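Go by the hints and put chain C onto chain W.
Here's the letter readout for the chains.
There are 2 protein chains.
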Amino acid sequence: MRESKRGVVHLCLEMSPRTFVIIGLGLIGGSLGAALRKRFARARVLGVSRSRRKINLAKRLGFIQNGGTSFQKVVSQADIVFVCTPVDTIGDIVEQVDQAAKPGTIVTDVGSTKGTIVRWADRKRFRNIRFVGSHPLAGSHHGGLQYSTANLFDGAVVFLTPTKKTDRRARRAIASIWKRLGTRVYEMSPNAHDRVVAHVSHLPHGVASCLVNAVSSNSLRFSASGFLDTTRVAQADPALWTPIFLTNRVHLACDLKRFRAVVDRLIDALSRGARADIRRMLAAASLKRRQIG
Amino acid sequence: MRESKRGVVHLCLEMSPRTFVIIGLGLIGGSLGAALRKRFARARVLGVSRSRRKINLAKRLGFIQNGGTSFQKVVSQADIVFVCTPVDTIGDIVEQVDQAAKPGTIVTDVGSTKGTIVRWADRKRFRNIRFVGSHPLAGSHHGGLQYSTANLFDGAVVFLTPTKKTDRRARRAIASIWKRLGTRVYEMSPNAHDRVVAHVSHLPHGVASCLVNAVSSNSLRFSASGFLDTTRVAQADPALWTPIFLTNRVHLACDLKRFRAVVDRLIDALSRGARADIRRMLAAASLKRRQIG
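Heads up: the protein sequence lines correspond to chains W and C, in order.
For reference, each letter of the first sequence is one residue, going 0 to 292 in numbering that gives the first Met the number 0.
For reference, each letter of the second sequence is one residue, going 0 to 292 in numbering that gives the first Met the number 0.
Excised from the complex, chain W in its bound form (with noise of 0.2 Å):
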């Protein structure tokens, strides 16, 4: 019964027009709003929100048609769901979804982790909803919905990490959506997400975060790019790392000690002069980022 009943709906988001609903409206939320509207013009895009200004502000900058702070009131529109809110609110919020929606409405997030929701998404029986788990590699150390841009998400990664026990249509479907906003979708686990996004995006915000505390104030006045490129990610808001810090600490912690441990050859070849051992740190750390563009 339930199989065919998600046969049916999911034969509906095949048919657009269909219904998004985007619930937190931050940089996130809102960029993909604009981009879903975009790419998807004849499709629905509402909003939710704890906040009114949000909805209205969202609204007038044409981010969504329509919105509320209800959950019951818009999820129950829904054919997809995304999920744009701090990591440690998802699991709340898709429950509380689950009881809204519509039987086989779909839902995703947009968190930057993936361990800590995919395996609770796992354990859980939902009544409703399908989830699969997403992260796009986009963003910026300005959060807010002022900042959004229907751009934001053009040729970024996009992670997607489904499991054995995620549903193969709503997998698709999500894919697909990304890909249609420009993005380049990878798969993989939950865990090797997590890995991943330790070492290119963790990793070095713990680092510029350091870097930030370890100079004094009085000497940063003196800063000029260098220091200001270094250090530019560790601006973002606290309220939002914290919990991608706490839900990847073991990672994280893992690639602090490796760049700790290269961090201690480099004092070991100053404390010693050591011209070739120092140039050849440099020079390999040249060669490698310029490989990246």
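In case anyone wonders, no lab produced these hints; they're calculated from the structure.
Heads up, a few of these hints could be off.
[Unchecked claim] Not close to chain W: a few residues of chain C, all C-beta gaps over 10 Å, as computed:
| id | residue |
| --- | --- |
| 1 | Thr165 |
| 2 | Ala174 |
| 3 | Lys178 |
| 4 | Phe244 |
| 5 | Arg288 |
[Said to hold, decoys possible] So the derived list for chain W, only partly shown, Cβ under 10 Å to chain C, looks like this:
| id | residue |
| --- | --- |
| 6 | Phe70 |
| 7 | Arg194 |
| 8 | Val195 |
| 9 | Val196 |
| 10 | Ser208 |
| 11 | Ala260 |
| 12 | Asp263 |
| 13 | Arg264 |
| 14 | Ala268 |
| 15 | Arg274 |
| 16 | Leu286 |
All values derive from a computational prediction rather than experimental measurement.
C-beta: ideal position from N, C-alpha, C; glycine also.
Frame of chain W; chain C shown alone:
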């Protein structure tokens, strides 16, 4: 006799046109030529490089009016000489300038470390020149003449590092030239300078290089703006940066150790899953970083 000679030369310097000679035609040398030609319209700007190709390119791009590969011919015409070569070559070049220059010629450099070169210059008894150390905090990970621009120094910080032995008029002349190029000039001791630039320039450079070296090439294909910003400076030419690190290795090693202690605290907080501590570190960094723009 020498004093009076110097006095006469100084008088001449006050009355344009004067002749600037730039030794070394990389990003800084080229940009300096362009800026001098723009802000000192009546002055002559000459270049010295081992590379005939660079001299021709600098002439074609309008960064210098003329130049040559021979110190003797070009430097003998100089009122003011800017040595714009890697820090480990400055001493040798200043000695050659002293051989070739007219009595009273004012010489400065643009090296990123000042302790080694200024201590050396203070011990030296020059025959003809008056040396003042300077360091414009400007540049780019893109080295090379082709990236030069007259605007490179707009609003940049320039450090002057005079000592008790520094000729006062030379110091004033160099300060006034940098100011006319649109920079903000700060005077401090060579040691204080090296400590400050370790904080705001050499430390981020070392950290960025270690970060690149700590991440596997396999993950780097997923790097996005956060990783790219944080590691941008690591691209810079290791041939320029190895001597900078070596001549500032005591301060830099000290800074890296302080930085490592901050990293250790983050690793510890992650290992304990200490939300409040992680949040406090991220919030402190975010606030401090936002304050510098």
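When the least beta-carbon distance from Asp263/W to chain C is tested against 10 Å, hint result: holds (7 Å)
Report holds or violated for the interface hint on Arg264/W, using the least CB-CB distance to chain C and a cut-off of 10 Å. holds (8 Å)
Beyond 10 Å from every Cβ of chain W: is that where the Cβ of Thr165/C lies? The claim holds: Thr165/C sits with its nearest Cβ about 21 Å from chain W, beyond 10 Å.
A closest beta-carbon separation below 10 Å is what the hint needs, so does Phe70/W meet it against chain C? violated (27 Å)
Does the claim that Lys178/C lies outside the interface with chain W hold up, using a Cβ gap greater than 10 Å? Holds, since 17 Å exceeds 10 Å.
Nearest-CB test (10 Å) between chain W and Ala174/C: Given a closest Cβ separation of 17 Å, the condition holds.
So, Ala260/W near chain C? Judge it on the closest CB pair being under 10 Å. holds (8 Å)
Taking the shortest Cβ-to-Cβ distance between Phe244/C and chain W, state whether it exceeds 10 Å. violated (5 Å)
Classify the hint on Arg274/W as holds or violated, based on whether any CB of chain C lies nearer than 10 Å to its CB. holds (6 Å)
10 Å cut-off, C-beta based - Arg288/C kept clear of every residue in chain W: Label violated. Min Cβ-Cβ 5 Å, cutoff 10 Å.
Hint Leu286/W vs chain C: min CB-CB distance below 10 Å? holds (9 Å)
Restraint outcome when Arg194/W is required to lie within 10 Å of chain C by C-beta distance: Interface hint status for Arg194/W: holds (8 Å vs cutoff 10 Å).
Hint compliance for this structure: hints 4, 5, 6 are not met, and every other hint is.
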